[in-house]
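Participant: Top to bottom, those sequences are chains A and B. Numbering of the first sequence is given in my numbering, commencing with residue 16 and proceeding in unit increments. Numbering of the second sequence is given in my numbering, commencing with residue 90 and proceeding in unit increments.
Worth flagging that the hints you see were computed from the coordinates, not collected in a lab. These figures come from a predicted structure and were not determined experimentally. Yeah, the Cβ is synthetic: ideal placement off N, Cα and C, and Gly gets one too. Any given hint could turn out to be false.
Claimed, not checked - Straight-line alpha carbon distances no greater than 20 Å define the calculated EDC-like cross-link-like pairs of lysine to aspartate or glutamate that follow:
no., chain 1, residue 1, chain 2, residue 2
1, B, Lys636, A, Asp56
2, B, Lys636, A, Glu59
3, B, Lys651, B, Glu686
Said to hold, decoys possible - Here chain A is said to cover these stretches of chain B; the calculated rule only asks that three of the stretch's residues, wherever they fall, bring their Cβ under 8 Å from a Cβ of chain A:
no., stretch
4, 450-458
5, 709-720
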Amino acid sequence: METRLHRKVLILFAHPALQHSRVNRKLIAGLDRLEGITFHDLYENYPDFYIDVEREQELLSEHEVIVFHHPLYWYSIPAILKEWQDLVLEHGWAYGHEGRALQNKVLFNTITTGGPERAYAADGYNHYTLRQLLAPIEQTAWLCRMTYLPPFAVHGTHLMQPELIDEYRQQYQRILKAFTRGELEVEQAAGLERLNDILVGTQKGASDVR
Amino acid sequence: MYGESLFVQAFIYLGAAVISVPIAKRLGLGSVLGYLLAGMILGPFGLNLIGEEGQDVMHFAEFGVVMMLFLIGLELQPQLLWRLRRSILGLGGLQVTLSTLLGTLGLSLFGLQWQFALAISLSLALSSTALILQTLNEKGIIKTGAGQSAFAVLLFQDIAVIPILALLPLIATLPEIISSSGHGSHTWVEGMPPLIKTAVVFLSIIVIILAARYLMRPVFRFIARARLREIFTAAALLIVIGIALIMTKVGLSPALGTFLAGVVLANSEYRHELEGNIEPFKGLLLGVFFIAVGSSLDFNLVLENPGRIFGFVGLLILAKIVVLFILGRFFRMGLDQNLIFIFALAQGGEFAFVLASFAVQNGVLPVGIGNQMVAVVAVSMALTPLLMLLNEKLILPRFGTRESEEQEADDIHGDNPVIIAGFGNFGSIVGRLLHANNVGTTVLEYDSDHVETLRKLGYKVFYGDASRTDLLAAAGAEQARFIIISVGDAEKTLEIVETVKRNFPNLSILVRAIGRSHAYELMDLGVDHVYRDTLDTSLKMGVDALKLLGYRSHHAHRASQKFRQHDEAMMAELAEMRHDTGAYISRARQAIFNLQELLKMDLEDGGEDQDFGWDPTSRREEAREYLKKQKKGDE
Numbered sequence: 016m017e018t019r020l021h022r023k024v025l026i027l028f029a030h031p032a033l034q035h036s037r038v039n040r041k042l043i044a045g046l047d048r049l050e051g052i053t054f055h056d057l058y059e060n061y062p063d064f065y066i067d068v069e070r071e072q073e074l075l076s077e078h079e080v081i082v083f084h085h086p087l088y089w090y091s092i093p094a095i096l097k098e099w100q101d102l103v104l105e106h107g108w109a110y111g112h113e114g115r116a117l118q119n120k121v122l123f124n125t126i127t128t129g130g131p132e133r134a135y136a137a138d139g140y141n142h143y144t145l146r147q148l149l150a151p152i153e154q155t156a157w158l159c160r161m162t163y164l165p166p167f168a169v170h171g172t173h174l175m176q177p178e179l180i181d182e183y184r185q186q187y188q189r190i191l192k193a194f195t196r197g198e199l200e201v202e203q204a205a206g207l208e209r210l211n212d213i214l215v216g217t218q219k220g221a222s223d224v225r
Numbered sequence: 090m091y092g093e094s095l096f097v098q099a100f101i102y103l104g105a106a107v108i109s110v111p112i113a114k115r116l117g118l119g120s121v122l123g124y125l126l127a128g129m130i131l132g133p134f135g136l137n138l139i140g141e142e143g144q145d146v147m148h149f150a151e152f153g154v155v156m157m158l159f160l161i162g163l164e165l166q167p168q169l170l171w172r173l174r175r176s177i178l179g180l181g182g183l184q185v186t187l188s189t190l191l192g193t194l195g196l197s198l199f200g201l202q203w204q205f206a207l208a209i210s211l212s213l214a215l216s217s218t219a220l221i222l223q224t225l226n227e228k229g230i231i232k233t234g235a236g237q238s239a240f241a242v243l244l245f246q247d248i249a250v251i252p253i254l255a256l257l258p259l260i261a262t263l264p265e266i267i268s269s270s271g272h273g274s275h276t277w278v279e280g281m282p283p284l285i286k287t288a289v290v291f292l293s294i295i296v297i298i299l300a301a302r303y304l305m306r307p308v309f310r311f312i313a314r315a316r317l318r319e320i321f322t323a324a325a326l327l328i329v330i331g332i333a334l335i336m337t338k339v340g341l342s343p344a345l346g347t348f349l350a351g352v353v354l355a356n357s358e359y360r361h362e363l364e365g366n367i368e369p370f371k372g373l374l375l376g377v378f379f380i381a382v383g384s385s386l387d388f389n390l391v392l393e394n395p396g397r398i399f400g401f402v403g404l405l406i407l408a409k410i411v412v413l414f415i416l417g418r419f420f421r422m423g424l425d426q427n428l429i430f431i432f433a434l435a436q437g438g439e440f441a442f443v444l445a446s447f448a449v450q451n452g453v454l455p456v457g458i459g460n461q462m463v464a465v466v467a468v469s470m471a472l473t474p475l476l477m478l479l480n481e482k483l484i485l486p487r488f489g490t491r492e493s494e495e496q497e498a499d500d501i502h503g504d505n506p507v508i509i510a511g512f513g514n515f516g517s518i519v520g521r522l523l524h525a526n527n528v529g530t531t532v533l534e535y536d537s538d539h540v541e542t543l544r545k546l547g548y549k550v551f552y553g554d555a556s557r558t559d560l561l562a563a564a565g566a567e568q569a570r571f572i573i574i575s576v577g578d579a580e581k582t583l584e585i586v587e588t589v590k591r592n593f594p595n596l597s598i599l600v601r602a603i604g605r606s607h608a609y610e611l612m613d614l615g616v617d618h619v620y621r622d623t624l625d626t627s628l629k630m631g632v633d634a635l636k637l638l639g640y641r642s643h644h645a646h647r648a649s650q651k652f653r654q655h656d657e658a659m660m661a662e663l664a665e666m667r668h669d670t671g672a673y674i675s676r677a678r679q680a681i682f683n684l685q686e687l688l689k690m691d692l693e694d695g696g697e698d699q700d701f702g703w704d705p706t707s708r709r710e711e712a713r714e715y716l717k718k719q720k721k722g723d724e
């Protein structure tokens, strides 16, 4: 019998222009009301980019699963999330000989992209898979002794139909709840290409726009 | 009529100063040499415009030296003076002792009787405080190692005059000459037993220090509240003259007394204001003093026996140079500093004039020797600025290393890079921010009550009106990087800006503008850094209003930044337009006009937040087009 590990989830949300994003507005709706989940909106809290490092480190310490939730901007994270990494993940705290504050915590990205999934492949116009493009984050997790999981990806947002957005929203919440209830098998998840695929019965739940 | 002759005198002295000093400075000779030359030309041996009264004028003008020492005291905080104790006692003490010994020995070898030799050497060991400090100040090296050493020696000499005056009558060998002129003023302590005399002397010094420490600040505060400048000036003069009077009455050097009072007041908030008030008097009196020295040079005596006089001048300077050089080595001065130190102090001083007449009156020296001594000292003083110039232009460039000098200067220079004028609600925030980041600021504030409170909180705040050139100079406007003008009075602000622009063209200006029209006026004056005092607060309030309406905070923040950019661009455009409206419009009407124009421009380019990089609309369109084409291809 497996031991159930209840994990608290911290969502670090970064979107500078939410008024333009149909998909993300839906994805985050109601997250702050879920038990065991802390929704933390970086652009809302730090409009002038003056990040409170101490507060951020406290938040990290209080949670076991860290989610970078953001649109993919130029194959990377939005500016404030990079600023957050640069300032909060201090040497001697997050990494380095003494830096073990994040040890064994789980990290993954929740990413929305305008382009379709097949564009993120060697033969697509983006040439790399999403997982490959996220190598800097994966390596960051490794250096901080964290467990890195593949991204929860929502592709093709430009022309996504409302029903499909809803379906993604449900998937996202099921995954987050699975963490808080200790139902998600981290080792199994680590080997996947997308975290979406962990959901039994919805392996190919949402089809991309082709 | 006495009044008329006074005017004539004043006219001659001032005229001489106004003509000769700028010329001398232009020629790179320094003001002191200019004054001396003017004195020589005007004196009995030149145009004969200044007659015998030159001597009296000199005694009067010596008061300039007293004022100068008061000002020097103001610059010298007690901590700094304590740091100089080794230099004052060691360097100064050894200089006087060695010079006297060497002189006495040398002159005795010339066949002079030892009493004469000792009296002459004691008088000649002393250098000219007025000349040296004025010159060093003008060259801006008073705070360097050499300047401080020279100052320490001079301070010791000022103190040494007192025992020398006491000692001279003891070695009198000639009958006393009863002086008809009432020059030797009677002191209170005359005829008292030595023990009580000493006690009285020490008591008066203690009284001066205690009064300066505890009495003067409340008095100044009271005076400052009256807000009458001339009364403050009067009070400042009153202090200096009063102390000089007490010191003279107890038989001490008045310069020493005012110096002590200056040191005690150096930490007070009224320091810069006092400096500003006394400075012009000091400058004028010193100028007159130097003119008088120049005019008192007895050319007849020099011409009668030029070889003898110049020979003695040469010997005097040489002897001083040797002693000073040895001391400089002994006290581990760098070569550059040692050279400056040597050439600054290598002359006789005004004390020699006093001591010479005193010695002749008391039968210590024969009249002939006394007169020759005065001539020698006067010539050596006239040569000093030339020697220093020679050192600066020929010797230092060849043997010196300028850099070490610079470093030393930095070390002692405590001047702050930033001056803040006005430390109210606005200025105090700027000041605190700089303070928190260890930036030194000199604060000028016109509200004396406010000054007192801030002082209690440990801020370095000085009382005074920042639109005055002298006060700004005293606050270090010459050396500061920039001035922050944050007074709450629009007119006063313009006044300060104009003063700074005119007198300290190198000082950058950061200025608080009270409203938009004021900002335009400041821009017209050519100020680059204008800060409208309510702009940021209004924008911040606007941001919060947007947030309360449901805008995301980062969006609202960027909107305000965008708006600010728009507003500043409009500002520049309107500044131009203002001049095209032609005639002068009142400030109130100007404000309405500005707002009208602004609102019009807002309609054209509203300054709303449009960040196209984050706007997916066009990409969405493109994706739709692409999809359509593909569907067509599939069919």
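Participant: Look at each hint and say if it fits the structure.
Facilitator: Right, here's what the structure says about each hint:
1. B:Lys636 to A:Asp56: Between Lys636 of chain B and Asp56 of chain A the Cα gap is close to 15 Å, so the pair holds against 20 Å.
2. B:Lys636 to A:Glu59: Holds. Lys636 of chain B to Glu59 of chain A sits at ~10 Å (cutoff 20 Å).
3. B:Lys651 to B:Glu686: Holds, at roughly 19 Å.
4. 450-458: violated (count 0)
5. 709-720: holds (count 4)
Comparing the model with each numbered hint stated earlier shows that hint 4 is the single one that does not hold.
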